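Q: Order-wise, the sequence lines are chains A and B.
Heads up: the first sequence begins at 109 in the numbering used here, then just goes up one per residue.
Heads up: the second sequence begins at 109 in the numbering used here, then just goes up one per residue.
None of the hints are false.
Copies of the same chain look alike in the list, so a pair counts if it fits in one copy or across any two.
25 Å max Cα-Cα, derived SDA-like pairs, lysine to any residue: (1) Lys-655 <-> Ile-670; (2) Lys-181 <-> Pro-354; (3) Lys-655 <-> Arg-677; (4) Lys-351 <-> Gln-656; (5) Lys-361 <-> Asn-254; (6) Lys-253 <-> Pro-354; (7) Lys-253 <-> Ser-315; (8) Lys-320 <-> Val-230; (9) Lys-225 <-> Phe-675; (10) Lys-253 <-> Leu-311; (11) Lys-406 <-> Pro-192; (12) Lys-297 <-> Arg-677; (13) Lys-377 <-> Lys-526; (14) Lys-253 <-> Lys-297; (15) Lys-655 <-> Ser-667; (16) Lys-246 <-> Ile-314; (17) Lys-297 <-> Asn-254; (18) Lys-253 <-> Pro-312; (19) Lys-526 <-> Gly-507; (20) Lys-297 <-> Pro-192; (21) Lys-320 <-> Pro-192; (22) Lys-297 <-> Gln-255; (23) Lys-351 <-> Pro-183; (24) Lys-181 <-> Arg-609; (25) Lys-386 <-> Asp-369; (26) Lys-411 <-> Asn-278; (27) Lys-566 <-> Ala-433; (28) Lys-226 <-> Gly-358; (29) Lys-357 <-> Ile-222; (30) Lys-253 <-> Asp-294.
Note that these hints are calculated values from the structure, not bench results.
As the structure is a computational prediction, the values presented were derived from the model and not from experiment.
2 protein chains.
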Amino acid sequence: MRTINLYERFSRRFRERPYLSVALFVTSVSGGGLVAYSEANKPDELLAADIKKKRVVVLGTGWAGTSFLRNLKNPSYDVQVISPRNYFAFTPLLPSVTVGTVEARSVVEPIRNIVRKKNVNVDYFEAECFKIDAQNKKVYCRSTKNQEEEFVVDYDYLVVAMGARVNTFNTPGVEENCLYLKEVEDAQKIRRKVIDCFEKANLPNISDEERKRMLQFVVVGGGPTGVEFAAELHDFVSEDLVKLYPAVKGLVKISLLEATDHILNMFDKRITTFAEEKFHRDGIDLKTGSMVVKVTDKEISTKERKSGEVSTIPYGMAVWSTGIATRPVVMDFMKQIGQVNRRVLATDEWLRVEGTNNIYALGDCATINQRKVMEDISAIFKKADQDNSGTLTVKEFQGALNDICDRYPQVSLYLKNKNMSGIVDLLKESKGDAAKESAALSIEEFKKALSQVDSQMKNLPATAQVAAQQGSYLADCFNRMDECEKKPEGPIRFRESGRHRFRPFRYKHLGQFAPLGGEQTAAQLPGDWVSIGHSSQWLWYSVYASKQVSWRTRSLVVSDWIRRFIFGRDSSQI
Amino acid sequence: MRTINLYERFSRRFRERPYLSVALFVTSVSGGGLVAYSEANKPDELLAADIKKKRVVVLGTGWAGTSFLRNLKNPSYDVQVISPRNYFAFTPLLPSVTVGTVEARSVVEPIRNIVRKKNVNVDYFEAECFKIDAQNKKVYCRSTKNQEEEFVVDYDYLVVAMGARVNTFNTPGVEENCLYLKEVEDAQKIRRKVIDCFEKANLPNISDEERKRMLQFVVVGGGPTGVEFAAELHDFVSEDLVKLYPAVKGLVKISLLEATDHILNMFDKRITTFAEEKFHRDGIDLKTGSMVVKVTDKEISTKERKSGEVSTIPYGMAVWSTGIATRPVVMDFMKQIGQVNRRVLATDEWLRVEGTNNIYALGDCATINQRKVMEDISAIFKKADQDNSGTLTVKEFQGALNDICDRYPQVSLYLKNKNMSGIVDLLKESKGDAAKESAALSIEEFKKALSQVDSQMKNLPATAQVAAQQGSYLADCFNRMDECEKKPEGPIRFRESGRHRFRPFRYKHLGQFAPLGGEQTAAQLPGDWVSIGHSSQWLWYSVYASKQVSWRTRSLVVSDWIRRFIFGRDSSQI
Chain A
109 MRTINLYERF SRRFRERPYL SVALFVTSVS GGGLVAYSEA NKPDELLAAD
159 IKKKRVVVLG TGWAGTSFLR NLKNPSYDVQ VISPRNYFAF TPLLPSVTVG
209 TVEARSVVEP IRNIVRKKNV NVDYFEAECF KIDAQNKKVY CRSTKNQEEE
259 FVVDYDYLVV AMGARVNTFN TPGVEENCLY LKEVEDAQKI RRKVIDCFEK
309 ANLPNISDEE RKRMLQFVVV GGGPTGVEFA AELHDFVSED LVKLYPAVKG
359 LVKISLLEAT DHILNMFDKR ITTFAEEKFH RDGIDLKTGS MVVKVTDKEI
409 STKERKSGEV STIPYGMAVW STGIATRPVV MDFMKQIGQV NRRVLATDEW
459 LRVEGTNNIY ALGDCATINQ RKVMEDISAI FKKADQDNSG TLTVKEFQGA
509 LNDICDRYPQ VSLYLKNKNM SGIVDLLKES KGDAAKESAA LSIEEFKKAL
559 SQVDSQMKNL PATAQVAAQQ GSYLADCFNR MDECEKKPEG PIRFRESGRH
609 RFRPFRYKHL GQFAPLGGEQ TAAQLPGDWV SIGHSSQWLW YSVYASKQVS
659 WRTRSLVVSD WIRRFIFGRD SSQI
Chain B
109 MRTINLYERF SRRFRERPYL SVALFVTSVS GGGLVAYSEA NKPDELLAAD
159 IKKKRVVVLG TGWAGTSFLR NLKNPSYDVQ VISPRNYFAF TPLLPSVTVG
209 TVEARSVVEP IRNIVRKKNV NVDYFEAECF KIDAQNKKVY CRSTKNQEEE
259 FVVDYDYLVV AMGARVNTFN TPGVEENCLY LKEVEDAQKI RRKVIDCFEK
309 ANLPNISDEE RKRMLQFVVV GGGPTGVEFA AELHDFVSED LVKLYPAVKG
359 LVKISLLEAT DHILNMFDKR ITTFAEEKFH RDGIDLKTGS MVVKVTDKEI
409 STKERKSGEV STIPYGMAVW STGIATRPVV MDFMKQIGQV NRRVLATDEW
459 LRVEGTNNIY ALGDCATINQ RKVMEDISAI FKKADQDNSG TLTVKEFQGA
509 LNDICDRYPQ VSLYLKNKNM SGIVDLLKES KGDAAKESAA LSIEEFKKAL
559 SQVDSQMKNL PATAQVAAQQ GSYLADCFNR MDECEKKPEG PIRFRESGRH
609 RFRPFRYKHL GQFAPLGGEQ TAAQLPGDWV SIGHSSQWLW YSVYASKQVS
659 WRTRSLVVSD WIRRFIFGRD SSQI
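Bound-form chain A, shown alone (with noise of 0.2 Å):
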């Protein structure tokens, strides 16, 4: 461990000062003379500076641990990696790897291989970790494959990233008999469960009612990942298996059953509208506003949501795909911190855990719980009140309106929304005609032309690329932790004196990808742009190309869609 620390710091300083590499490229010809060297030689002054490196254990390598990490640059830190498992997953992908469009392989990436040529000294642990004790600054770990090994970590900073789990809404039989698809294992599952009812649906003696039943795959959530499931199992079944499994293709039988009224509902209502009409040509039997209520080892039960008709679908395989619920160690968290009556751990806006010093957490696991103008705004009212004249003029509101923006993100997605362009615009819509930049408001004035904006706030939705920009957006702030806090770049502190060491999390949304199978997707693009089609397909593959997280998995991504193409999908029982 030693060495390494010592070899990161050298490398770093050449880093910093180029010419030093030729002399590097010296040494090192030597054969690790230099760390050699080193370790007999170690100053002390290195020694002392290692005891005070912070450290920070993040808890999780998914979208939001993992964009941490790859953030980080700040050599000050020594962090300790916690997750049961030793990838990241590029998750958008796992609906392809169900049917094998994609290997499982080609979506992971080590952990310690993204890390590994960082110069901050990160070390892995596979583990999970079972209880956070905020008082004492430790975690409490348990080795994944040998539950009798525990073990206990102290930190500085704790990174809380460890996702959500699924949500079954206490139905009954879903654990027992549902098939998930949030991890790379519930995709190999998949995959091995349809082939398997294939083989089953092919057995001589079976009779045709079972062999029927054998054959009827249900997605149980018409979201993004349900949707796209369904259809990546229909051009598996109609492209591929149909040839295979000739006897018994009349048979096979799609359904996607959602509680709402349409599938999709996140999304603009033209791709709703061509989503619900592909599937319909595709023969995927589309059942909204039905809502499961309980499921067997060979029917699932609806109820119609209008009518309350009760009906049984049977199955061959079910999947499972609703919404996330809070994994039970963090429920624990939470109410060892006060957050009691919370669903979800909350955060401030800058990500760190309310009621805790030190714990941020990010991801699906955590949402920003965000501050409400109308709470603080008499303390906003008395900071912008500048010559305490007890009336903000126009020009004084104007000065803090930029810290107010900083700090309040939902006024300036108000005036965005409202197509304002300042102050002015925000007074008439409460003073009416007499606003004027001359204008001074009371209190009660400032209140009402403020008295909107809350309702512009709104949760971020549980997405890679909502955790992909915490993590990126909290390994800024740990890099420049230090530059922050002896010039903060913040908004002013509304209810106390200075400024915010670091602006809070801001959301930047991309566009959002709907693939709808036979090489057509649906993408809403920022701006309200919607392009639905095969040209959006491509689009769909060039931006999931681009964001594969190693060289490695790009190259095996690319080759998976490229040998899908030319051979078809494998139906191999492996």
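Given chain A's structure and the hints, the job is docking chain B onto it.
A: Same frame as chain A, but now just chain B:
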């Protein structure tokens, strides 16, 4: 099913008469009109032909079974394949799969894909045969996924190609604690286990002793598989894992245990020596003359064959690769047909199971019980003595020699190995210089002349090469069954009248590889040609790429090799 048969029959005719294909094209443009037409006008004689089809049941989709299926071309059979694996696996690459040099999916091809484009009607059932009823011509099968699902299949011809199971030699603890390397799943298990061991050894609270134990990899068995696996593992560790697990790299130890005095016994001495020296240089601990007597969950006990000394080796992962034994279902079948005291199912030289009608066995589950010349010596003498004079002239002997060599391959082997060009040479050995073209032999002299030939008999090795050749031989027999029934092409039946229908199976050894890691391979080619080193590695690459069963697997295997050259092997725990 009817549609397929008819379609296939048509397509065969089209292939026989190419000018018809234009007509077919025109017809098929109208969208399957041909099939619809033929369905509607099914002629009676076709129906009758269908009923008369002989039912061939093939047990197993390994090298033997798949080779049989690929080479079967006679459409007068109705083939049903029963195997727990719906794919063919290119087993010589399994050691590569254990460490991800090649991916598991790159070495498998669905059996349905392999048989799909043939003009022979082949059905596949994913099930395991648990009983063969030779009396009633039935096999009893059980679904692999649902053990309660049982069914019975009737046959006219049965082809047993179920392979063998791992031989633990009843060593206590092997079954519970060791991993095997026979199936694709085994290779996948080993891959996960290797990463497991590294991750566990990397946890913070492990004792140094335990850390060391976790990284002790023991391979039991110095045959080609064990040796190749040890070499692959060494490459994986030294080329890829040490970079990712720098903290534990000094603790890794790979041991290879072999009960006899040398590894790779079946190879040329030069290869054995080279391999042993290379392993020594690589730091692989080679323990020859060391028998495993017991395995617990953390230790392997060995006994020195010479000194009797017992010692224990702590281990993190143990792979057992010592040989094969007969499967229980085959043992059961052997009892049924009177092969009670044998350890392996015996067939005659035509691969027919001794003591049965219409049952064939090939590959690792059977051995050819070669007929000794000495058993039939009187019958041979009588048949050869065409003028019934009681003595055999050299001319008479010469006349029968081709049939003798055909029926008893050991005779030609004997002549070849002793560098004898003909009978006179053979007689010289027994009669001395008195041997002349004109000499006449008594039965005693004839016996004496042939007394040594049976020493040339030896069992064929249990290799993919033998199994594949047997499969294609048997398919060829099946293809020409009727033809050869009328016009037998085999040698004279010495103990009965007439001729054998077919020539007996003759194995043609094409050479064997032993990859030794570090891009070096030992190759033993026909004619005692031995080649060791990097050039043989390229020969190995070419041969293994060319032997792939489909273009899909061929391109995948080659791209896996390229991927490994560029990016190394993946160590994600999936």
